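Student: Make the full structure from the sequences, and use the hints.
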Amino acid sequence: MELTGAEITIRCLADEGVEFVFGYPGGAVLNIYDEIFKQDRFKHVLVRHEQAAVHAADGYARSTGKVGVALVTSGPGLTNAVTGIATAYMDSIPMVVISGQVPTGAIGMDAFQEVDAVGITRPCVKHNFLVKDIKDLAETIKKAFYIAATGRPGPVLVDIPKDITGQSFAYLYPDTVSMRSYNPVVKGHTGQIKKAAQMLFEAKRPMIYSGGGVVLGNASKQLVELTRMLGFPCTNTLMGLGAYPATDKQFVGMLGMHGTYEANMAMQHCDVLLAVGARFDDRVIGSPDHFAREARRIVHIDIDPSSISKRVKVDVPIVGDVAAVLDELIKLIKASKERRDEAALAAWWSQIEDWRSRDCLKFDRKSSIIKPQYVVEKLWEVTKGDAYVTTDVGQHQMWAAQFYKFDEPRRWVTSGGLGTMGFGLPAAMGVQLAHPHKDVACITGESSIQMCIQELSTCRQYHIPVKVVNLNNRYMGMVRQWQEFFYGNRYAESYMDSLPDFVKLAEAYGHVGMKIEKPEDVEPALREAFALKDRLVFMDFITDQTENVFPMVPGGAGITEMILAEDL
Amino acid sequence: MRHIISILMENEAGALSRVAGLFSARGYNIESLTVAPTEDVTLSRMTIVTRGSEDVIEQIVKQLNKLIDVVKILDLSDGSHIERELMLVKVRAFGKDREEMKRMADIFRGRIIDVTEKTYTIELTGPGTKLDAFIEAIDPVAILETVRTGASGIGRGERILKV
Ligand SMILES: Cc1cc2nc3c(=O)[nH]c(=O)nc-3n(C[C@H](O)[C@H](O)[C@H](O)COP(=O)(O)OP(=O)(O)OC[C@H]3O[C@@H](n4cnc5c(N)ncnc54)[C@H](O)[C@@H]3O)c2cc1C
Ligand SMILES: Cc1ncc(C[n+]2csc(CCOP(=O)(O)OP(=O)(O)O)c2C)c(N)n1
Ligand SMILES: [Mg+2]
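Chains as they are written, first to last, in the numbering used here: chain A, 1 to 568; chain B, 1 to 163.
Keep in mind the hints are simulated off the structure, nothing from the lab. Bear in mind that the values here come from a model prediction, so they are computed numbers and not experimental data. All residues carry an ideal CB built from backbone N, CA and C; glycine is no exception. Fair warning: there could be bad hints in the mix.
[To be verified] The list that follows gives simulated cross-link-like pairs (lysine to any residue, SDA-like), each with its CA atoms no further than 20 Å apart:
| hint | chain 1 | residue 1 | chain 2 | residue 2 |
| --- | --- | --- | --- | --- |
| 1 | B | LYS66 | A | ALA149 |
| 2 | B | LYS66 | B | ALA13 |
| 3 | A | LYS204 | A | ARG228 |
| 4 | A | LYS204 | A | LEU345 |
| 5 | B | LYS62 | A | THR150 |
| 6 | B | LYS62 | A | SER306 |
| 7 | A | LYS533 | A | PRO436 |
| 8 | A | LYS187 | B | LYS66 |
| 9 | A | LYS515 | A | LEU499 |
| 10 | A | LYS135 | B | ASN11 |
| 11 | B | LYS66 | A | PRO184 |
| 12 | B | LYS72 | A | PRO305 |
| 13 | A | LYS249 | A | GLU381 |
| 14 | A | LYS132 | B | LEU16 |
| 15 | B | LYS62 | A | LEU499 |
| 16 | B | LYS62 | A | ARG311 |
| 17 | A | LYS66 | A | GLU19 |
| 18 | B | LYS130 | B | GLU158 |
| 19 | A | LYS515 | A | LYS533 |
| 20 | B | LYS66 | A | GLY151 |
| 21 | A | LYS313 | B | GLU54 |
| 22 | A | LYS313 | A | PRO288 |
| 23 | B | LYS72 | A | ARG228 |
| 24 | A | LYS132 | B | ALA13 |
| 25 | A | LYS384 | A | THR247 |
| 26 | A | LYS135 | B | GLU12 |
| 27 | B | LYS72 | B | ARG148 |
| 28 | A | LYS313 | A | GLN268 |
[To be verified] Some chain B residues well away from chain A (every beta-carbon gap over 10 Å; in silico):
| hint | residue |
| --- | --- |
| 29 | GLY52 |
| 30 | GLU58 |
| 31 | ARG84 |
| 32 | ASP114 |
| 33 | THR121 |
| 34 | ARG148 |
| 35 | ARG159 |
Tutor: In structure tokens form, the structure reads like this:
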């Protein structure tokens, strides 16, 4: 039986097992929307801005490990989606974005709502396709899901001209695809893994540095097993939080620009570093020259060869899937007769405990103004550390990372690579839809939240009971902090004047709003909000305007050149 | 260091722009780039000449390999190889210069492929350095126009880039 291109598109999504499509209609996708109207195999969620559709698909993907799906129209629909696509790309999130395109005959004619979607998105997708023949449609969609989810994951765009969605062709959704030009490696090189095991045994000051790849590769179990077996300290990047339980004593906190003192010191002074699914980002190791001053041997496990020896030269590169490689490494270590150097390890731990005793995350607990750190700490308590947390970008994001102790992967949903303000609320929608019975908090700032505030309407329509934790410091706090430290307190355009009354705004959208101004009201407010299981609650916490994020490694400095709260 | 990299890629619309886009987005330099279909119509072969430190070249190769349309890559400079480039030069050729120009073309094993009363068009192939040498050798004022294809390359002996 022949189906139209629009029907084929819908059938492919359903046959792929898609649960939610986040989208927004328009001329070029009207045929597809007509088929959405007629089907009930997946749910379409109508957002209020295409950027939010992509972020919601992204939140869904990060919290489930499945491929997120967004659907947008041509021209402005696609351009609005670009920020979301780039956000997913930078953090390697599996996603398929379907965009409408003007009819094939109109392409290149400056047609109404025509943009070169494939051209615009090329630098920020793992791959993209323009479907020029209905014969290729089903296979292209299959390839898109395959490419998005395998290897180093990433977003894939499928651009479908309107006439293709109107033509008819026999429908067959392939079970599998194979591509001669794309064969991601899974298994690591055994010789290299042996070398790695040997090096770990020889270590006197070992360190395990793990990142987003452990979350993406669902290898948390292996990471925990290996780390506990070896008794080594472990740090996570911002993207890796939750991959190793934050409440475990071997966890030394996040590292990097706003990482803990002990994590950064241990990173710098270790003699053997095991890097797992982390890409030595500039926010993590600061100046590569400074990092290279201390001699250390590095083992690097990553599925993407281009992540290896990009910013830091490594001694034992292992290309492969982190779960597969760690499984093999664990087996080798268990079978080996070699033993770690107990005395050296004990001395190393006592050094680390010494660093840890600096208590670099301390803040003023007696303040009469609400401290943002305190709100996050209480949020962790009230939700028993079991919530899904999304964030926007800024100081609040860093405090969320430092003070919400994630014990499980995929609970922490933040834009690390692109640092996209506006991500938090729509991402939380995707997370909540995927986990309807879980607590989902969006930790945000008064500036970021305004970048996708319109999604409060989507939340109303679909009864998405996200809890918005607005750390309202009336400033683009992160910008203000840099201006305070590096621009002589000249707060150029970083004050957020004329803020709306967030309580009234939440109410206008049909939600519950709360304004919290005193430290003693923080916990009761959180308890009240999370008791309202089926309502979105917008909590506007009026926090200290002058608070800064510490420790802080200034841009371009070495990771041990930290500014600590106690220094000021 | 100068490197000459051969790429076999799916003969898809847009494949060339993925490679060109990669080089500009990551700030790699391209000295020359040539591309044409192969005997297998589903594949095109591209030759890129680029310059960079060993680290940069390593990243270039890795990044090229990451492109979904790229099937295989060979850094020809890693082993012995042959490089050829084609150049067409239109030169002024009258009076006593006419004979001299013919002589130069012969010395460089060029062929005169178009003739007017006042001009010759000379076809020359060889490694890029030979083409440079020809340009150096003739009187610069005589040069009316040049066009070069950029280098194509192939491994020597058993060194083969094929799917
Ligand atoms: C305001 C702000 C401040 C920030 N401060 C910090 C900071 O202090 N500390 C910090 O750490 N970050 C910070 N970041 C985030 C930073 O910009 C980077 O996004 C982050 O450090 C990258 O994390 P990652 O190295 O884990 O890599 P990711 O971006 O998570 O990349 C994952 C890596 O794993 C690999 N991989 C994927 N899947 C697999 C698999 N199955 N098997 C093997 N490998 C796989 C990928 O190829 C890639 O190399 C900050 C961001 C913002 C916006
Ligand atoms: C879309 C976008 N524009 C600009 C920036 C630069 N930026 C980073 S943090 C920040 C301020 C965020 O302010 P707010 O949301 O109030 O968070 P706070 O730092 O105060 O906690 C800005 C403007 C960005 N990351 N994203
Ligand atoms: Mg703020």
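Student: Now tell me if each hint is right for this structure.
Tutor: A quick look at each hint next to the structure:
A distance of roughly 15 Å separates the Cα atoms of B/LYS66 and A/ALA149; the hinted pair therefore holds under the 20 Å criterion. Of the pairs offered as hints, the one joining B/LYS66 and B/ALA13 holds, with about 18 Å between alpha carbons and a cut-off of 20 Å not exceeded. Note on A/LYS204 and A/ARG228: the hinted pairing holds, with a Cα-Cα distance of about 17 Å set against a maximum of 20 Å. For the suggested pair A/LYS204 and A/LEU345, the alpha carbons sit about 6 Å apart, so the restraint of at most 20 Å is met.
Distance hint between B/LYS62 and A/THR150 is fulfilled; the C-alpha atoms sit about 18 Å from each other, no more than 20 Å. A hinted pair counts as satisfied when its Cα atoms are at most 20 Å apart, and B/LYS62 with A/SER306 qualifies at roughly 5 Å. For the proposed pair A/LYS533 and A/PRO436, the alpha carbon gap of about 10 Å is at most 20 Å, so the pair holds. Distance restraint check for A/LYS187 and B/LYS66: the Cα-Cα separation of roughly 18 Å lies within the 20 Å cut-off, and the hinted pair is therefore satisfied.
Restraint check: the Cα-Cα separation between A/LYS515 and A/LEU499 comes to about 13 Å, which is no more than 20 Å; the hinted pair holds. Between the alpha carbons of A/LYS135 and B/ASN11 the distance comes to roughly 18 Å, so the proposed pair stays at or under 20 Å and holds. With a C-alpha separation of about 9 Å, the suggested pair B/LYS66 and A/PRO184 falls inside the 20 Å cut-off, and the hint holds. In summary, the hint linking B/LYS72 to A/PRO305 is supported, as the alpha carbons are separated by about 15 Å, within the 20 Å threshold.
For a cut-off of 20 Å, the pair hint linking A/LYS249 to A/GLU381 stands: about 18 Å separates their Cα positions. In summary, the hint linking A/LYS132 to B/LEU16 is supported, as the alpha carbons are separated by about 18 Å, within the 20 Å threshold. A C-alpha spacing of about 48 Å is found between B/LYS62 and A/LEU499, which places the hinted pair above 20 Å, so the restraint is violated. A C-alpha spacing of about 14 Å is found between B/LYS62 and A/ARG311, which places the hinted pair at or below 20 Å, so the restraint holds.
In summary, the hint linking A/LYS66 to A/GLU19 is supported, as the alpha carbons are separated by about 10 Å, within the 20 Å threshold. With a CA separation close to 26 Å, the supplied pair B/LYS130 and B/GLU158 exceeds the 20 Å bound. Between the alpha carbons of A/LYS515 and A/LYS533 the distance comes to roughly 19 Å, so the proposed pair stays at or under 20 Å and holds. For the given pair, B/LYS66 sits about 10 Å from A/GLY151 by alpha-carbon distance, which is consistent with the 20 Å threshold.
The hinted pair formed by A/LYS313 and B/GLU54 meets the criterion: a straight-line CA distance of about 12 Å does not exceed 20 Å. Between A/LYS313 and A/PRO288 the CA atoms are separated by roughly 10 Å; this keeps the pair inside 20 Å, and the hint holds. A C-alpha spacing of about 41 Å is found between B/LYS72 and A/ARG228, which places the hinted pair above 20 Å, so the restraint is violated. With a C-alpha separation of about 10 Å, the suggested pair A/LYS132 and B/ALA13 falls inside the 20 Å cut-off, and the hint holds.
Only pairs whose Cα atoms come within 20 Å are accepted, and A/LYS384 paired with A/THR247 is accepted, the gap being roughly 12 Å. Restraint check for A/LYS135 and B/GLU12: satisfied, since their Cα atoms lie roughly 16 Å apart, inside the 20 Å limit. A threshold of 20 Å between alpha carbons decides the hint, and for B/LYS72 with B/ARG148 the separation of about 26 Å lies outside it, so the pair is violated. As the CA atoms of A/LYS313 and A/GLN268 are separated by approximately 15 Å, the hinted pair is consistent with the 20 Å bound.
Every CB of chain A is more than 10 Å from the CB of B/GLY52 (nearest about 14 Å), matching its label as outside the interface. Distance check for B/GLU58 against chain A: the nearest CB is about 7 Å away, which does not clear 10 Å, and the non-interface claim fails. Chain A leaves B/ARG84 outside its interface by the beta-carbon criterion, the shortest separation being 27 Å against a cut-off of 10 Å. Chain A leaves B/ASP114 outside its interface by the beta-carbon criterion, the shortest separation being 35 Å against a cut-off of 10 Å.
Consistency note on B/THR121: stated as away from chain A, and its beta-carbon is indeed over 10 Å from all of that chain's, at 35 Å minimum. No beta-carbon of chain A comes within 10 Å of the beta-carbon of B/ARG148; the shortest separation is about 28 Å. For B/ARG159, the shortest C-beta to C-beta distance to chain A comes to about 21 Å, beyond the 10 Å cut-off, and the non-interface label holds.
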